[in-house]
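Going down the list, the sequences are from chains A and B.
At position 63 of the first sequence (counting the first as 1) the number is 63 in the numbering used here, and the numbers step up by one without a gap.
At position 266 of the second sequence (counting the first as 1) the number is 266 in the numbering used here, and the numbers step up by one without a gap.
No lab work stands behind these hints: they were computed from the structure.
All of these numbers come straight from a predicted model, not from anything done at the bench.
Take these hints with a grain of salt, some might be off.
Cross-link-like lysine-lysine pairs, in silico, DSSO-like; alpha carbons within 27 angstroms at most [to be verified]:
#1 Lys111/A <-> Lys37/A
#2 Lys127/A <-> Lys58/A
#3 Lys111/A <-> Lys111/B
#4 Lys32/A <-> Lys195/B
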Amino acid sequence: MEALGSLILAKYNYWAVIALLLIGLYAMITKKNLVKKIIGMNIFQTAIILFYVSIGSKKGATIPIITHGHGDASHAVHSVEYINPLPHVLMLTAIVVSVATLGVALALAMKVYSQYGTLEEDEIREKIMESEPV
Amino acid sequence: MRALGLATVFCFGAILFYISFDFPGWGDENSPASQHVSPYYIEHTMDDTSVPNIVTAILADYRGYDTLFETAVIFSAGLACFFLLRIPERQAPPARFYRHLATGITFRIEKGGRLPEDTDEFERIDSVWVPYDVIIGMTCRLVVPFIQLFALYVIAHGHHSPGGGFQGGVIFGAAIILFAISNNLRRTLKRMSEKTSALLGSLGVLIYAGTGILCMVLGAGFLNYSALASLLGVDPVSARSHGILIVEIGVGIAVTAVMVWIYYNLSSAGRQDEGL
Numbered sequence: 001m002e003a004l005g006s007l008i009l010a011k012y013n014y015w016a017v018i019a020l021l022l023i024g025l026y027a028m029i030t031k032k033n034l035v036k037k038i039i040g041m042n043i044f045q046t047a048i049i050l051f052y053v054s055i056g057s058k059k060g061a062t063i064p065i066i067t068h069g070h071g072d073a074s075h076a077v078h079s080v081e082y083i084n085p086l087p088h089v090l091m092l093t094a095i096v097v098s099v100a101t102l103g104v105a106l107a108l109a110m111k112v113y114s115q116y117g118t119l120e121e122d123e124i125r126e127k128i129m130e131s132e133p134v
Numbered sequence: 001m002r003a004l005g006l007a008t009v010f011c012f013g014a015i016l017f018y019i020s021f022d023f024p025g026w027g028d029e030n031s032p033a034s035q036h037v038s039p040y041y042i043e044h045t046m047d048d049t050s051v052p053n054i055v056t057a058i059l060a061d062y063r064g065y066d067t068l069f070e071t072a073v074i075f076s077a078g079l080a081c082f083f084l085l086r087i088p089e090r091q092a093p094p095a096r097f098y099r100h101l102a103t104g105i106t107f108r109i110e111k112g113g114r115l116p117e118d119t120d121e122f123e124r125i126d127s128v129w130v131p132y133d134v135i136i137g138m139t140c141r142l143v144v145p146f147i148q149l150f151a152l153y154v155i156a157h158g159h160h161s162p163g164g165g166f167q168g169g170v171i172f173g174a175a176i177i178l179f180a181i182s183n184n185l186r187r188t189l190k191r192m193s194e195k196t197s198a199l200l201g202s203l204g205v206l207i208y209a210g211t212g213i214l215c216m217v218l219g220a221g222f223l224n225y226s227a228l229a230s231l232l233g234v235d236p237v238s239a240r241s242h243g244i245l246i247v248e249i250g251v252g253i254a255v256t257a258v259m260v261w262i263y264y265n266l267s268s269a270g271r272q273d274e275g276l
């Protein structure tokens, strides 16, 4: 029983990430509405960001800012004392880039709406079929 | 279709769940992600760059190329929104609306006709007009300068506390977008025009790339800030710290401008005349 408890404590971050990942993937696969697909894509991105940040954590370590960095008493810095900064760097840029790509996705959705008058995928397909002489 | 999607998602989830038992545990300091370069960054950042915030040092110095092209990606996203949505000014909107301030009567002027925008008697309003709310307007007017000040602090203090160009830029952009939401788009465009935001966006990328080229001109590698030591009159390690600050300011300018630019185009469907 105790082993199960420690297993859950060691892995629950991955399970939360997987749950979010699946919600996003489900929305991207099955939803017909383009805006809902975009929301699904954003949930997927959030899951990846959480995954990266969670693998960077270390038990008992603090944020990756060196304390007393410019103090007069210089002391050795041990990597065990600070959490892994690399995933934070990668996700920092990824968050802002995801906002920017969200803007592009919404712009494309607006273009589609002004062209076809709808954001539902099947209705768009029907309108394309109607306009194309087969 | 729904059942098929659900089945795919469940299969994918089962595989991921199975794999998760092979992953390192939560908070494990011996996990592979914390092994290779990460200890080097933590232990040598102070000696290499004299920046206590390791995230900032990696972002702008160790991984400077990555961040340069991330900034370029953000700028091209702004450009993409512009090219997708922008409708030229000469296509006049179907109708413009004006409100007589004294009586509250609304005029609808069709086929591109217009009244002078800034008069004491008339006020240009959007076609979907919501009455001006004193509480929202006043709160935003009070809050916006403080948000902008905080954004500048986040950019400038990114060396010693959580912060940096991306975060500060987004906060500054959010302040301008808040102003645009609480007032209207035309009033915001008068303060920060579309041309300004486009130019600032490219200026930010130019500052970043220009710093790199300046380092090359001074005889070191691209984005090797220690070459700036002779220009700034400091030792090479402090020069890295200052170089990071210059680059972060560039990133902040670019991110602010692009966020606002994307908002202008998205909120008005490219007309930049009426909007949220």
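Indices of hints not satisfied (ascending)
Hint check: 2 and 4 fail, others pass.
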